[in-house]
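Fit chain B to the given chain A structure using the hints.
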Amino acid sequence: MDDTYEGFVASRAQSLLRYGYVLSGNPHDAADLVQDALIKLRGAWPRVINKRDPEGYVRTTMARQHISLWRRTRRETLTDLVPEGSYTDPVPSDDLLWRALAELPRRQRAVLVLRYYEVLSDEEIAAQLGISRGTVRSQASRALEKLRRTWSPAVMEGSTR
Amino acid sequence: MTGQPVENLEETLNRTLERHAEKAPAPASDLIDRVETRYRKRRRVRTTGAAAAMALVLSGTAFGMWSDGGGPTTLLESSGTSTQALSRPGQKAEDPFETTPIEKLWPEAVHQVPARLQDGTEITPQALIDARTVLVSAWASFEKASALYAYDLATGKAEKITDVVTPKGTWLFASGFTVGDGKILWQTTSADRMTTIWSVPVEGGTPVAAVENIPAEAVGPAGSVKDGATAVPVEPSPSGVAGLGVFGGRVYWSGSPNGVYTAPLTGGSAELVAGTEKERLVRWPWAGRSVSDRTQGGDKTKTIRWELRNLETGEKKPVFSAPGGTDWNCWITWCSSVTENALTTRDGSQMTDLPGHLLDRGVVALDRFVLSVDGSRNKASVMVNDLQEGRTGSIALTPTDGGVSYSVLRGAGSRMYATPTADGHVIVDLEAID
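Chains as they are written, first to last, in full-length UniProt numbering: chain A, 1 to 161; chain B, 1 to 434.
Okay, chain A solo, but in the shape it has when bound (with noise of 0.2 Å):
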């Protein structure tokens, strides 16, 4: 492992933009979340490269700053990562289960994407998020359900009821 602030953020700012926007939905999010995320291992790089995982440390940091209460009230002045102009709907528009996603509460989707796209377990979700890993299950379970609402099988292609 590069052992630099700078070779970690060069290595793996895109991979963590990619999680931003997955945990997130928006691009604007995913920019900011990044950012934040790597002020704070800025301060704390010392400490965290000691520990030998700074990219553990990034992600815990970005699932727990999207679901909290301070993020969203001051996330108006953190957006100038982004290029202007560069927001368009990236919602193709055959995916319903995508926008179903837009649609959870932000626990609940962080829930499904730790899950589903950093294939962690359920004890692996609960200390990211620092919640009970039945909060975990039964965060899942909910999200789940809705999702299963708004989708089906048959809709998709390639699938039969």
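Derived from the structure by calculation, the hints contain no laboratory data.
Source: prediction; values computed, not measured.
Where is the CB? At the ideal position from N, CA and C, for every residue including glycine.
Heads up, some of the hints might be wrong.
Unchecked claim - If you anchor each label on the Cβ, the simulated ranges turn out as follows:
1) 205/B with 137/A: 42 to 52 Å
2) 167/B with 99/A: 46 to 56 Å
3) 10/B with 102/A: 15 to 25 Å
Frame of chain A, contents of chain B only:
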């Protein structure tokens, strides 16, 4: 739709997320410079003390048994895989809390209780009877209290107070032990989901049922926001009795899913405290409720407001608001969020950084003390944080095969914090701290 295997949705979710991840924006070419500029700017703000940012510290998974039980134990476990290994940035340099071993910080308030009595009986501390006597229970089997003892901290001797009989078909064993007005109280729930509150004098005697036939709640969390309830329970309990306490000759508790109930300590039927249908007891006489404001016509909760009032004087505390979907809990002066790892006063005038990560529901006991945990699978500490004085006493935990175990605070009225150590239990008398 029904009958489709769950895997279909889950597999599609994985594909959808991966496909959309590719649409993420590219990093700005000057990202490093931007971050550096922002970092320096924030640091300037921080060092002038103008803004207290939240500590974001990754802790292990806290596995709680339902929180109303007899000294719920949580386990701190590592997250397991190499890429998501426990990462602990620790506390910030500006952390206002200074950590000291608890017995050095508050020697007058910290005591040791052995794991077993002299006759080998295994004991668990339940509550403080007074400054030198601990109510301890002896277990017949897991979670089944068979006897209560008064353990004298000065002499190390224990005297039996009473036997706790567990009737056949008991669903929830004796739990929620509390002491007040010379009585020890606890509750049990029968197989037909009726809860009984028991009482015995602290000097000993035969337990009597002070209140009987309190309906336990239906299985599942009470009053969730989703079903349109206006009140979210502060402290849900499957027994239908939460936050049991004794004040001025009466027993008080929160019912299921809401409502503050009371009965005479001498025995009698439960009655609702007038006007508390949607409230829950935080700590007598304070009762609170949380109100969800919904978006027009939608089922999304826009904001949640936490209200608190004094049932005796009618005094109201400032209302705390947070966006829907967040996990804040409000106590008396303070509100806490475990997800955010944050504490703030209701009026928002004070926020505070704690060492480590908030425990359980971020319970603030006696309007002053809150627990956090920090460390790793092999070396972890529980920290008792004094919000009034900005001091932190740490308790080193003993790792076992499954991680480390520690207890959480029962509620906002808890006078005692007790947690297992290598050779017994450490007890903190929160009221003995100046």
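Outcome for the supplied range 46 to 56 Å, where the beta carbon pair is residue 167/B and residue 99/A: holds, 54 Å
CB-CB spacing for residue 137/A and residue 205/B relative to the 42 to 52 Å hint: holds, 44 Å
Outcome for the supplied range 15 to 25 Å, where the beta carbon pair is residue 10/B and residue 102/A: holds, 18 Å
Of the numbered hints listed earlier, not one is contradicted by the structure.
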